[in-house]
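Undergrad: Using the hints, put the two standalone chains together into the complex.
Heads up: the protein sequence lines correspond to chains S and Z, in order. The letter at position 83 of the first sequence is residue 83 when you use our numbering, and the numbering goes up by one with no holes. The letter at position 65 of the second sequence is residue 65 when you use our numbering, and the numbering goes up by one with no holes.
Please keep in mind that the hints were generated in silico from the structure rather than gathered at the bench. Glycine included, C-beta positions come from ideal geometry on N, C-alpha and C. You can take every hint at face value.
Simulated crosslink set (DSS-like; lysine-lysine; CA at most 27 Å straight-line):
#, chain 1, residue 1, chain 2, residue 2
1, Z, 144, S, 53
2, Z, 135, S, 142
3, S, 151, Z, 144
4, S, 53, S, 5
5, Z, 135, S, 148
6, S, 151, Z, 48
7, Z, 48, S, 53
8, S, 151, S, 103
9, Z, 135, S, 151
10, S, 142, Z, 144
According to the in silico footprint, chain Z covers these stretches of chain S (three or more CB under 8 Å from chain Z):
#, segment
11, 24-37
12, 46-54
Listed below, chain by chain, are the residues.
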Amino acid sequence: MVLSKQDYQLIAEIQDGLPLSSRPYTEIGDRLGLSEQQVIERIGALQESGVIKRMGIVVRHHELGYTANAMVVWDVPDDQVDAVGEQLGSQPCVTLCYQRPRKLPQWPYNLFCMIHGQQRERVLDHINRIVESQGLQQIPRKILFSGKRYKQRGAKYQ
Amino acid sequence: MDETDRAIINRLQDSFPIADRPYLQAAGELGIPEEELIRRLQAMLENKQLSRFGPLYHAERLGGGLSLCAIRVPENEFERVNEQVNSFPEVAHNYARDHEFSMWFVLATETPQRIDSVIREIEQSTGYRVYNMPKEEEFFVGLKFEV
Chain S
1 MVLSKQDYQL IAEIQDGLPL SSRPYTEIGD RLGLSEQQVI ERIGALQESG
51 VIKRMGIVVR HHELGYTANA MVVWDVPDDQ VDAVGEQLGS QPCVTLCYQR
101 PRKLPQWPYN LFCMIHGQQR ERVLDHINRI VESQGLQQIP RKILFSGKRY
151 KQRGAKYQ
Chain Z
1 MDETDRAIIN RLQDSFPIAD RPYLQAAGEL GIPEEELIRR LQAMLENKQL
51 SRFGPLYHAE RLGGGLSLCA IRVPENEFER VNEQVNSFPE VAHNYARDHE
101 FSMWFVLATE TPQRIDSVIR EIEQSTGYRV YNMPKEEEFF VGLKFEV
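Extracted from the complex, chain Z is given alone in its bound form (with noise of 0.2 Å):
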C-alpha cells in the first residue's frame, strides 16, 4: 500500500459521487486518472484490505432490527458456542473480548421482532443466556478510519 493507496482509502470511506462519472470526478480530486482509481479499488479489494465499494445502510430505516447481544462462555466451551453461533446468518460480525463477557456479536434481522425469536433460537442451540443490549441513544457515529 502506498501513498495513493492512502489516500483513495482516507478521501473515499466518507463520501462517493453521485454523477454519471463518479470514479473520474473522485479521481480528479485525488489527482490521478480514472482507471488508476477504478484499478486500485480492485486491488485492494482481492488483498482484502477492502471489505466492500459500496453503501452502508442503516437498519432500522430499513425496517430491519439491529442488537448487540452478548454471552458468557468459559474458556472451554467457547470453540463449540461460536461455531453455533455463527451459524446463524443474521449474526453479522462476531467479537471475542478479554472479559466474563467473552463473546459479542451483532445480530441484523429482516424485522426488529425477528431478533428476540432469533436469541431464542441461539439460546436453545448454545444452552447459554444471551444478553440483548440494543442501543438505546446515539451519541456518535463516524466509524472511519486514517491509514
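Chain S extracted, bound-state conformation (with noise of 0.2 Å):
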C-alpha cells in the first residue's frame, strides 16, 4: 500500500491514542480537515493493509501482573528452523516467535520466543511441557526472565 501524506499526517494524528468521546472519528477529521467519513475509510485502508497490525488496548502488562516475562532461546538446527518455530509459535501460551540470526560465537542461539506469565515457576512449567510435548529435548535451549523494564514505549512517527 502506498501511503499518502495524508495517511502519514492520520498515522501521526492518532499514534498517541484514539479520542475519548464518543464520536472520535469526527474529532480526529476535525483536528485534520477530513469528514469522518475519510477518517472511518482510511483507518479501515491501513488496516487491512497491515500498516495499523490491530487496534484498541495496549496493556502494561507489568501493571497487570505479567511480571515473569521469559524470552526462550533455542539453537536449532537450520533445515529445522521453519519446523520449529511453527511448532512453538502455535503453542497457546507462546506470544511471539521469530528467527533471528546468530551472533558466533557468543550468542548460538537462531530461534526466539516470548512467553508472559504472572509467576515464574508457572512460566518454567510451560516451557517444560512444550519442550516434551514437542519432542525438543534435543535443542539446546535458554530461558532469559526480564529484571527492571527501563523503557516501554511505542515508536514514534512524525
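TA: In C-alpha cells form, the structure reads like this:
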C-alpha cells in the first residue's frame, strides 16, 4: 500500500491514542480537515493493508501482574528452524516467535519466543511441557527472564 | 480492577470498531453503557494499567526500521550504559535480562538504514559492542494478555 501525505498525518495524529469521546473519528477529522467518513475509510484501509496491526488497548503488562516474562532462545539446526518455529508459534502461551541471526561464537541461538506469565514457576512449567510435548529435548535452549524494565513506549512517527 | 474492567481488557486488545459510534458498539457487546466504557478506559489509562488506547503500527510497513539489539554489559557498568542507551529516542523499550547478554532493547527508526547508524552511535557512546538481531522470519505474533 502506498501511503499518502494525508495517511501519514493521520498516522501521526492517532499514534498516542484515539479520543475518548462518543465520536472519536469525527474529532480526528476535525483536526485534520477530513470528514468522519474519510477518517473511517482511511483507518479501515490502513488496517486492511496491515500498516495498523491492530486497534485497541495496549496494556502495561507489568501493571497487570505479568511480571514473569521469559525470552526462550533456541539453537535450532538451520534446516529445522521453520518447522520448530511453526511448532512453537502454535503453542497457546507463546506470545511472539521469531527467527533471528546467530552471533557466533558468543550467541548461538537463532529462534526466539516470548512467554509471559504471572509467576516464574508457572512459566518454567509451561516451557518444560512444551519441550516434552513437542519433542524438543535435543535442541539447546536458554531461558532469559526479564529483570527491570527500563523503558516502554511505542515507536514515534512524525 | 473488577470483572467489567477485565472484560474490557480481554475484549478490546484485538480490535475496536471503525464506525461512527465505536464506543457505543463495543459497549453494547460488553453489555454496559457507552459512557461507562469511556469512563473506565480513561481510569485505566490514568492508573497506568493501559499504556495506550489506539493503533499498533507495523513499523516496516510504515517504511521504518525495527530491530532487537543486545549488549553484554557487566553488572557494575549496567546503570551507566543503560542511561546512555535510553537517551536515544530510537530506543523503544529496554529490558534487563538474567544472562551475560544482559541488556535487550528494541530500536525503531524512521528508515531501515538508520538502524545501522544508531547502532554505531550507541557503540561510540557506551564503548560496548551492540549485537544486532533483526527478525528474519516471523512465526507468530499474538501478544495479548488475558486478565
